[in-house]
Amino acid sequence: MKALRKYYVIAKVSFTNALAYRASVFSRFGFFTLYIYVFMSLWRAIYQEGAVHGYSYAQMVWYLIMTEFVSFFCGAEILQKMNEEVKSGSIAYLLGRPSHYIFYQLANSLGQVPLNFVSFGALATVLGLLFVGPLHSFTPLELAPLLLSILLSILLNFFFLTLIGLTAFVLEDNLALYLIYQKLSFMLGMFLPVEFLPAWLQPVAKNLPFSYIYWAPAKIFVNYSPALCLELIPRQAAWAAAAAAAALLCYQLSIRRLQVNGG
Amino acid sequence: MKKHLRIFACYFRLNLASALEYRASFISQAFGMALSNSTFLFFWWIAFQQIGGAIAGYTYKDVLFIWAVASSAYGLSHVLFANAANLTGLIVTGELDAFLLQPCCVLVNVLCARTILSAYGDLFYGFAVMLIFFAGEPAAWLWFLYGALTGGVLITAINLAAHTLSFYWGDASAMGRMALEFTINFSVYPDKIYAPAVRALMYSVIPAGIAVHVPLRLFQAFSPGLALAALGGAAAYCAAAGFFFYRGLRRYESGNVIVTRL
Amino acid sequence: MQAINARNLTKTYRTRVKSEGLGASFRALAKPEYKEVEAVKQVDLSVEQGEILAFIGPNGAGKSTFIKMLCGILHPSGGAVSVLGLSPVNERRKLALRIGTVFGQKSQLWLHLPPLDSFTLLAAIYEIGEAERKRRVDELSELFALGDFLRTPVRKLSLGQRVRCEVAASLLHEPELLFLDEPTIGLDVVVKQAIRELILRRNRERGTTVFLTSHDPADIEHLCQRAVVIDHGALVLDSPVDKLKSDNPGTSMENIIAAIFQQETGRPLEAASDDTPVEEAPV
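Quick mapping for you: the protein sequence lines, in order, are chains Y, B and D.
Sequential numbering from 1 applies to the first sequence in our numbering.
Sequential numbering from 1001 applies to the second sequence in our numbering.
Sequential numbering from 2001 applies to the third sequence in our numbering.
The following block holds chain Y by itself, in its conformation from the complex (with noise of 0.2 Å):
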């Protein structure tokens, strides 16, 4: 219990922390209305020429808007922080406190969340709502599942993230890494859903991580249905378990690497 309540600390103290920045809150507002209206712009000229797979145009907006939300949490700062303290070896320090390296950053993530959760549904809401309307297929059943299907999704761009991050010790640059990852979780998935994709693509995307990153919460938010929960829920959770391991495996070779070479 005691060891939950130092994380759950950090998370306080980060949720505090994301308080005093409401300056570069009010900006990203900007930024996240900025992308849908262009993503709503962009789809609505793709409808004026035909009809697109099992979408219909609000759907599409709506599940545009959901990729985007959960993009908002998922930041890049992390990586950025770890490749600040791996590169500069304050690693080494931040080793000899009592808490977890990765748990005390996830901590930190999560702490974020919730403020972020409040501002920016409200603001998707209301775009959504002002741009195609409601989306009639919505009910309050789904809101659990879909929860769930949105922490598994931070959790998992977060281990991935991690991941990324502890590439740092041996690249002396991990830009691109970041970008090809982006890239594909983008392509499978937050600009299109998987079913755009071609046919030979569309099994390859759904057996690998990227598309439950944001295909699944935004699928399971148009398109409802508990089978499709039942179907997606648990690959989000085992890839986002499989992420897990492979980062703290990886964290504990790096860990010893260091200990052994020293920085």
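Mixed in with the good hints, there may be bad ones.
Partial list, computed: chain Y residues near chain B (C-beta under 7 Å) [stated by the list, open to error]:
| no. | residue |
| --- | --- |
| 1 | 46 |
| 2 | 175 |
| 3 | 251 |
Keep in mind the hints are simulated off the structure, nothing from the lab.
Beta carbons: idealized from backbone N, C-alpha and C, even for Gly.
Take the given structure of chain Y and dock chains B and D to it, following the hints.
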């Protein structure tokens, strides 16, 4: 003039030499950026597979062309004049002092002093797209080069104008990032997808339209009137951004307002 | 001829006063409140060409505001100033060609490149021709014993080597007036002494005027002919160093200045006065 060309060339050489000190970073960042850009063409390829023909009046080839121009223009601006996007930092920390202590044009001195590694990837990506899809079309190359050059200068001017606000507001870095994000989003999608009011914006305050979409129009159907108007508009915008910067600089030089938190 | 001539030089900042909190931020947006702060108060100072002058004061005393006015970075709010016969504000670029600066931690050298590359850039900025640049670099290299450092990336140099290159860089255009801000901070005693000798030599051989701010009493004792102490934007002492020494035989320079400061202001020199404004670059 000759002196400032020498300074410009010298900065370019030093920036490149600095980048080459970290060869692995340089190559992986440039390559990563080019790869990252190409995923967007994948997106468009899928969209056109679904719809076929044209989206908002642009064919797939048109989209390839604006991507090439936008990417190279952005790359050029951030290879040669990356400090424009860093201006807020210089103003807020007072690092601008160092540039003011030197006997040359402040704008040239500041703008050229920094480069961004990944921007080389953007710059070459545009050329790669042109080589693959427009190899045998000299007219396309002409307007691509025209767009990359005017666009590179215009994007710098947009960055400059937005960050110059820091002379007045204290910290306009959010404004600067916003302006750049608008520029990119206005550059890489067909301009007709936007509402008329927004389109007016992209031919005035944030003239990404002049940088990217006008070259496409000129490539499709050359019109001397449009070419001259675009060049005139670009020149006027750059002059205005420069003028705005020097007005702001006067506030910095005479700086009689400092913000303290009590 | 006078290198620096300031008469009644004054700088007033308008400080925006803002209390903490979101509400206060909005109120400040609608109706900002200002407070006037005098960072430099009617200072009279003339420096002859060829002099080496120490400019001393606690943090926030108005030192850097004063120097920035001399360099043309800040516009004075009142009074008149001429540097090398030029008006810093109206003839900034002309003046910049003739003055050199080493400002604290701010480097003129490119971290990842050898100093030689930075010298090439400085030559372009200061309008020095190719042949002339080579001649001057050779001369400075010999004088400062730079040798191989010139071809080593700056990040791989020791602090002492770096400072020598830094001072050499600021001398490349052969300035008539040199502003040095804490040039020996963080250096060991041997290197400190070497830097001081270089500055002295430059002064003797070329008559370079040196305007030095330092917290190190040894800098003042070994280098300077004259000491000026500023506090709360006003001069509290202006005296030849020799006179200070002969008036207080057997006392170290550190103690002499500290005693005079205490006597003039009623406060010890070390403790920076809290009520003076932060001297950040105006925004």
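key: Unmet hints by their number, sorted upward, for this structure   = 3
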